[in-house]
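Novice: Residues per chain are reported as follows:
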Amino acid sequence: MGDTRQRILEATYACVARWGLAKTSVEDAAREAKVSRATVYRTFPGGRDELISAVVAWATLEFFIELYEQVQGAESLEQVMERGIMFAHRSIVEHEVLQRVMQTEPEKLLPTLTFESIRIRQGIAEFLVPFLEQRGLAPGVDLREAADFLARMVLSYMSAPGRWDLEDPVQVAQLVRAELLAGVVAGPGPDAPLPPGSTGPGG
Amino acid sequence: MHTRGSAFQVVVDGVVDGVVDRVVDSVADGAVDAVSPATAPGSPRRVRIIDATLDCLARHGTTKTTVDDIARQAGVSRATVYRVFPGGRDEILAAVVDTEMARLFSALGVRLGEAGDLTEALVGGIVEASTRLRNHAALAYLVEHEPEMVLGHLAFDESDRLLVAASHFTAPFLARWMSPREAERVTEWATRIVLSYAIAPSDRMDLTEPSQTAHLVTTFVLPGIRSLHDAGTPTVIDITPFGSPQALSDPPALSAPGSSTDQHPSTDQHPSTDQHLYVHSTATALSKGAMP
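For the record, the sequence lines run as chains A and B.
In case it helps, the working numbering puts the first sequence at residues 1 to 203.
In case it helps, the working numbering puts the second sequence at residues 1001 to 1292.
Bound conformation, chain A alone (with noise of 0.2 Å):
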């Protein structure tokens, strides 16, 4: 059964890749998975919106997998947002179908990707949160609503970076130091001295 699901949403994916959102039918999906189209309705009852939402939810857990493992030995606090700010940032400008979609189709797009950003959020506040304990928190900062904010900050700036330049390591360092960690963690840490010449955003 997982098998089934997995195999009609990795060719439902090939389909939006090729075709859009718009354009892509449960026909279309069942040919591409080689299952019939029973299948593809027992697999997602609600049909074709069903599967639609569920892709796309399934390529953004698969984006945050990726992003996960990224950041897998990064150690310390500033190295896990620094590699996780840049790895996504670049993966976000380097996602081709993304990027279509977001052309083409973004009312198609929009009201899921905003749905599945609370539960990304919820998950990079998870995951921050040892880290945070690890690290040791500024005076008075709760750890929850500090992972919480640091969630928010993260999804903003990874899918806008406004004035940052987000492939600038060294502006990166300074996003991370300054403008997520400087309330939020006690003192600086073993990596914490911003490197000189930064220069910021703008410019």
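Only part of the chain B face toward chain A is listed, based on derived beta-carbon distances under 8 Å:
hint: 1; residue: 1147
hint: 2; residue: 1159
hint: 3; residue: 1163
hint: 4; residue: 1192
hint: 5; residue: 1196
Chain A stretches covered by chain B per the calculated footprint, using a threshold of three residues with CB under 8 Å from any CB of chain B:
hint: 6; segment: 105 to 114
hint: 7; segment: 132 to 145
hint: 8; segment: 159 to 171
Hints are computed from structural coordinates only; laboratory data are not their basis.
Ideal Cβ positions, reconstructed from N, Cα and C, are used throughout, including at glycine.
With chain A's structure known, arrange chain B on it following the hints.
Specialist: Frame of chain A, contents of chain B only:
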């Protein structure tokens, strides 16, 4: 109307840019009042039609609101509506976005202008924007029933545009306390905060509540501003808004302990009671090159 290519969407895209430019221009000219509803281009009749449209949108959204509905709600004839807005429905809807953005920015300008210190400016600005977004009946209806109308402006590249525009407009109001470049970073950051909590409200942090917003600002934002500043921005910052003169003599309150003295030797030349913090360092020299 559900497709991105609809006339309304196109008009909205243009207007969001246009109105921001106009508001920014009038602020640059020292004429914030020029964009307030009372003196906005056009007559009270125009404003009446716009407000009537807002009422219609709050009940039926964009797809089910007709020019007849708007005329009836405004208590004017259909012909009058077309005299004021020859382009009909799409022109009215664009004018609504235009007017609502101008109202939001005007209100923000007033709040930021009144603020006595940086903390007050940040808290006041965030509360004002959050409250206006929360209480906006037409916006609430669209988020609920036509989310694609709203979300397009809040995601990826469009969100970038909004962040830059909103921060560009609000930054001059923080010029009393920091350099223009720092002010743009800080207002961009504040805009992110407002948008994040507006799109996905938190049960532990209500940014329409001044006390909770003050907690967020003092806990997360002010230390970040100090840290950004210490990273080397070539300006004189008035640091009184960060707290009492006594607080300034406490190095951790102003910058990360340890390396700051080495990085910014000139801070030692000024007594901590001095209201201005002069930062000159290698980082400063480098970042000067990057200044616009």
